[in-house]
Amino acid sequence: MAGEWQRTDGGYLIKVNNVQRDGKATVKYFNPRPIHVAQATISRQEGLIKLFLKLQDKGYEGSTYTLYYYAEEDAMAGFYYQAAMDRTYQVIFIRKDKTD
Numbered sequence: 001m002a003g004e005w006q007r008t009d010g011g012y013l014i015k016v017n018n019v020q021r022d023g024k025a026t027v028k029y030f031n032p033r034p035i036h037v038a039q040a041t042i043s044r045q046e047g048l049i050k051l052f053l054k055l056q057d058k059g060y061e062g063s064t065y066t067l068y069y070y071a072e073e074d075a076m077a078g079f080y081y082q083a084a085m086d087r088t089y090q091v092i093f094i095r096k097d098k099t100d
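Residue numbers for the sequence shown follow this note's numbering, beginning at 1 and rising by one.
There may be inaccurate statements among the hints.
Heads up, simulated EDC-like pairs for lysine to aspartate or glutamate below, C-alpha to C-alpha not over 20 Å straight-line [said to hold, decoys possible]: (1) K50 / D74; (2) K15 / D74; (3) K24 / E4; (4) K96 / E61.
Simulated from the structure, these hints should not be mistaken for lab results. This one's a predicted model, so the numbers in the text were calculated from it and none came from an experiment.
Produce the complete structure using the sequences and hints provided.
So this is what it looks like as structure tokens:
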């Protein structure tokens, strides 16, 4: 899970560092400016690694990401809940090349 993840439909970026066994991690989110991450947890669900993010910043209050890691694709896919619009979107993040 550690690394930089780029959303396939825009300039959204998740950076995951310092992943701990208890599910805690240092997670940063950019669009493209930094957006405050109020909560970040990593857990297992039905055999997949799950990353949950809750955003708390101007225009993002209560918005969340629920993403699942697919090792065979080295990608995360799941849902973005945009609280301001009360809408949920399917999203995909791919790991950025370390040479980028």
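Hints and how they fare:
1. K50 / D74: 13 Å, holds
2. K15 / D74: Roughly 15 Å separates the two Cα atoms, so the pair holds.
3. K24 / E4: 17 Å, holds
4. K96 / E61: This hinted pair is violated, its Cα atoms lying about 27 Å apart.
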